[in-house]
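Visitor: Chains as they are written, first to last, in the working numbering: chain A, 1 to 381; chain B, 1 to 381; chain C, 1 to 381; chain D, 1 to 381.
There are no misleading hints in this set.
Identical copies look the same in the list; a pair holds intra-copy or inter-copy alike.
With a straight-line Cα cutoff of 25 Å, these simulated SDA-like cross-link-like pairs (lysine to any residue) come out:
(1) 23 x 56
(2) 187 x 277
(3) 151 x 177
(4) 187 x 232
(5) 151 x 225
(6) 151 x 216
(7) 23 x 69
(8) 23 x 60
(9) 23 x 52
(10) 23 x 53
(11) 375 x 223
Hints are computed from structural coordinates only; laboratory data are not their basis.
4 protein chains.
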Amino acid sequence: MSGAHEQKAPLGVAAIGYAFMGKAHSQAWRNVAAYFDVPAVEQRVLVGRDSEQVAEAAARYGWAESATDWREVIARDDVQIVDICAPGWLHAEIAIAALEAGKHVLVEKPLANSMAESERMVAAAQAARARGVQSMVGFNYRRVPALAFAKQLIADGRLGAVREVRASYLQDWLADEDSPMTWRLRKETAGSGALGDIASHAIDQVQFLLGDTVTEVSGRLHTFVGQRPGPSGVEDVTVDDAAWATLSLAGGAVASVEVSRVALGRKNSLRIEVYGSAGALTFDLERLNELEFLDGAVPVAEQGFRRIVVTEPEHPYVGAWWPQGHVIGWEHTFTHQIRDFLLAIRDGAAPSPSFEEGLQVQRVLAAVEESAAAKSTIVQL
Amino acid sequence: MSGAHEQKAPLGVAAIGYAFMGKAHSQAWRNVAAYFDVPAVEQRVLVGRDSEQVAEAAARYGWAESATDWREVIARDDVQIVDICAPGWLHAEIAIAALEAGKHVLVEKPLANSMAESERMVAAAQAARARGVQSMVGFNYRRVPALAFAKQLIADGRLGAVREVRASYLQDWLADEDSPMTWRLRKETAGSGALGDIASHAIDQVQFLLGDTVTEVSGRLHTFVGQRPGPSGVEDVTVDDAAWATLSLAGGAVASVEVSRVALGRKNSLRIEVYGSAGALTFDLERLNELEFLDGAVPVAEQGFRRIVVTEPEHPYVGAWWPQGHVIGWEHTFTHQIRDFLLAIRDGAAPSPSFEEGLQVQRVLAAVEESAAAKSTIVQL
Amino acid sequence: MSGAHEQKAPLGVAAIGYAFMGKAHSQAWRNVAAYFDVPAVEQRVLVGRDSEQVAEAAARYGWAESATDWREVIARDDVQIVDICAPGWLHAEIAIAALEAGKHVLVEKPLANSMAESERMVAAAQAARARGVQSMVGFNYRRVPALAFAKQLIADGRLGAVREVRASYLQDWLADEDSPMTWRLRKETAGSGALGDIASHAIDQVQFLLGDTVTEVSGRLHTFVGQRPGPSGVEDVTVDDAAWATLSLAGGAVASVEVSRVALGRKNSLRIEVYGSAGALTFDLERLNELEFLDGAVPVAEQGFRRIVVTEPEHPYVGAWWPQGHVIGWEHTFTHQIRDFLLAIRDGAAPSPSFEEGLQVQRVLAAVEESAAAKSTIVQL
Amino acid sequence: MSGAHEQKAPLGVAAIGYAFMGKAHSQAWRNVAAYFDVPAVEQRVLVGRDSEQVAEAAARYGWAESATDWREVIARDDVQIVDICAPGWLHAEIAIAALEAGKHVLVEKPLANSMAESERMVAAAQAARARGVQSMVGFNYRRVPALAFAKQLIADGRLGAVREVRASYLQDWLADEDSPMTWRLRKETAGSGALGDIASHAIDQVQFLLGDTVTEVSGRLHTFVGQRPGPSGVEDVTVDDAAWATLSLAGGAVASVEVSRVALGRKNSLRIEVYGSAGALTFDLERLNELEFLDGAVPVAEQGFRRIVVTEPEHPYVGAWWPQGHVIGWEHTFTHQIRDFLLAIRDGAAPSPSFEEGLQVQRVLAAVEESAAAKSTIVQL
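If we strip away everything but chain A, and leave its shape as in the complex, we get (with noise of 0.2 Å):
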């Protein structure tokens, strides 16, 4: 059957996992409407394992129901969307389930754990679409108003060629070597540690911002913390806690990436810089609300980063918020996300970042991780 697009009756969703994510995803379902012109949306349904967790958490982040099989949730007649914020290893089963049961598909980053799912992933998310059917994956930074400005400025020629990008995505929430293990520091669960976690974000955001694609990759992992206590006893961190990368993109720029989830005193801060022939811009999500351009074009003696606060009515998404300088935090990534998704929806177009470029993601962390167990190698892509 067809995208929900034509319906005068409310979208229903379906929410899988109400963990970190699962909480972030349902305060943007709540509140999307109350900002943005969007088509009507009904939090139907929240899905997790434990019966009773989940019932508590339905009825706090306003779900009108809680379930614990995915599957039964998915074939209902009453859901339209499905939003996927369970962990990594559940993502590919879940949302080909979903597509191919008609439902527009929302996912977490990152795509997969795997290539091999992610490419099984972009199938179904093509074929869906052909039948009229939506996919998103979940690179909320995207929609950071800020960056989404300073794509424009990009796109829009105000930095001239771009030649360098420094981009960071640095955390401390493991800078103690007491902080227990968990199933994120296990290479079979988790899949890989800072590098799928936030390098995702970082690379992303530089192909993203660029309009570009990365075409050769040199990397290098490191785990500075490499054992931690477990339940029953010392256990081996088989995960990486930092990563290095540096990136050609297409068009000729060169970028540097470097993550980590030991740098102390960096809490949640993703930074980047970008550096073009014409102009150059910084941003730091631990400060979300401001975007720092520099504009060539400016006489010299008056040339300086200037701290944007993007909060005007001007800047994407942030005038349906609150007046100049009332700034917006963290969360309302996510409610932009869900904004731009249900416009696509609405419009039968496809949503960005598609399921193909959360593959493109994919590869270049399979390509870091490649380089990297070959001495920082590059490797093409």
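Here the structure of chain A is known, so what remains is to put chains B, C and D in place on it, guided by the hints.
Guide: Relative to chain A, chains B, C and D alone:
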């Protein structure tokens, strides 16, 4: 009748006003229970003068119904809380009626446009409180986590004896002299200009942070753009667009206050600096997730203002939201305010800031006006 | 005899005082010709009261000789310039004698400790000027490249009509209440405290940047630490350690000034913010190589305070130093001052700031004191 | 013959080169004794190729004489110190001859243009040292007070085990693609581009701060502007204008390095971030009087990067200058360098960084080039 805290049934809320403040308060009512353990509430009715517009706003912001007559609404048995977001000149009448009807009342700041009204409101609040009916004035910036944390540090003696406070609230939405005349620029409707609108916040913060009371005031008011285009020709602006004051506090500190709506480039910049004998603090509302703290107990070679990203579980309010470094927005000052209001109702306790505290701010504002009219000569409170 | 500008022989310089200011002026005399094309000068003699210490200082700071009697020194034929770094209470006597002896005079700020002295100095300077003998008062911050550039931007109309100035000068060297008594804390020797010492700089900057004159003043003085340990027991501090003022300027701007020596964590922070109808500026002496400029002519979505690193050849003074981005230090405000003083002597022109300009600052300081003594009531100048 | 430290007569200094570095070194020689207690020195002779220009520079920068033949100068009995500011390709020849002539030698970085030259210089330095003749390579940024203080903090264990270092040195003087060809852009004269010029500083800092040695390297070089206008038509640029490297250190840390001369808007921005298990540091040469320090020993709610204004008497070097908060300039890194060089000569001790340390940096640079030529594959040192 008594307070609502014994009730098991949800507390019914009526909000009066659906413009800027109504929108902000609505999001708080819609979301508070998703993040905080508060008594159950229901957004029963939104009240406004234009029946069509208020109906649309009610639908958008999550209210079950809309209405145009606030008197009818405060008489309803299914309404236990009245949230007043109407313009200042209506505060007294509505608040007093609601309190007399046994409804808990939250009223936006400033408490009222005149001292006389403010005093009547305080009397009504005191009478109601004796009957278990609570009231609160909406100085929402007390619930910025960084400022609540600042207050803790000061109360814990980390700054020693506070000597100087520098408070400024700078905006630029009236910087353009062609910006048109509005009711906010006429004394008869607005009471005052930047003074009542934003100096009230700055003054409340000074008293809140220090836990102290202003005892004398020297003030000055100025209107830089004296005429503006109105619908039928040029009109005189009859309120201040900037104000300055020097305040003495009972405990010996001196505070300077400067506010402006014509400070080009400042969007919503409430900046506060506090200097004590043992430490210092700085804050800027445009970066509301951050607090700068200098600890004088540290060896001098290591002293410096440290930028604390106020997003840790240990910080006030913010543990309910997202992991560290995931910043929140301006709007959640209202969410926190309603959380505290609801908890006070549940506990039968008087929430703060009380109407008395709102009146104390009004007294300072009136003293600034009095001093300004008398060549800045100091006025005792 | 006449000014030195026809001479081919080097100008002989005598400096009086070898403490903090003497050290700073010495480096300027020692280095100015290495960077700027100025008339040849020779550091002939350094004068101080203690013959041994002044001899050592002279050797260290590059002076050919030392002496203890300033009257003898200003009588010497090989001295054409007298640079007065002695304490304020000696300024008038030395400066007037030197001018009458036909010597060009540079005197440290503030011009003098009293209005009467200042007025006599102005009379002497006017008489000397008629004979080609120049004089200057050392408001060295006029020669910070960033502030000189700020003045250019304002003079060029880039800020439009200036409305508000916020000037503060915060230090913390007296924050510790156990810091001992000194002559600087006694009214009879120091004249005033933070007011004369640092508010003088702030007030001079306001008038300098705007090219305007203060016409009325409301002021306040305060002493937070009223007693300090002296050599023979606890003594009363008889000068202010903090001061506040609101200033009206002839052109319609309003400036606030706040200075303190007890603002813990602020080392030498002269901060200036200027808000105009078309642009805005901010500056902090602790980052003296930077100027923040907001250009209101830029589309609003791109507006922001831009951090200009003031080290380009196009910027005032700084092209003589190092390549861009190689920052200069505080001391070179004196080097630039002496460069301009020497060029004025060479050209037979009156250097700025003149003694008249120094007197104008004294008038404002006196008005602050007068207002402070009269409950902050506005005083007209 | 032996070192000069027993002498009572002033040490005679000859400097070779009077361009950018010669000007900077001259100011250090001219001023060092005014601030530090060092052996007496005399600026005897400045050497350059153009007799007229060098004579003018000598007069301007305080040298007693000028000369054009460095061989004659290093043979003079009244010269005890040779300060080499000539281009890199001359370093080896002059330094070796001077050391053999018994002169103490200070040579600008990088040590030489090739490994072979560097090794011969080290051999000469070792032989001379045995005879009491000292040598030093001019990595002047070791003498930035903030970086010297950073090293202290790290050495004192305040950062715990250092894990990650992020070092970048970004400039923009070649950002304009019409900027003309110079000898610095030809491999035969410059050796390399940004790599030797500025990555050398970044790499030296990494090893200096950590007191550690690089053991393996992955590198990349790139030339964004491949052709530039020369005097007789367009020429190929044969050196890099940007470089990237990932470095392993013996102690387990990983450092990333990125340098560029085309990073628009960055004037002279050597930025360093150091993340350890117990603390973190950041620094930017454009704000060289500041160090940011995060102390992980502080309770997490109070942690933050604190901006230390490195101008206290307790801080390295800076107590000799001005009172707190009175910032110093870039040039004084050279003054401090010469102070330490002179003290080492006085004490008969080997100054640091030695030629061996300079050689170690050269080895890392060579490894970066080797890796870059081999698809970024890791090279062991």
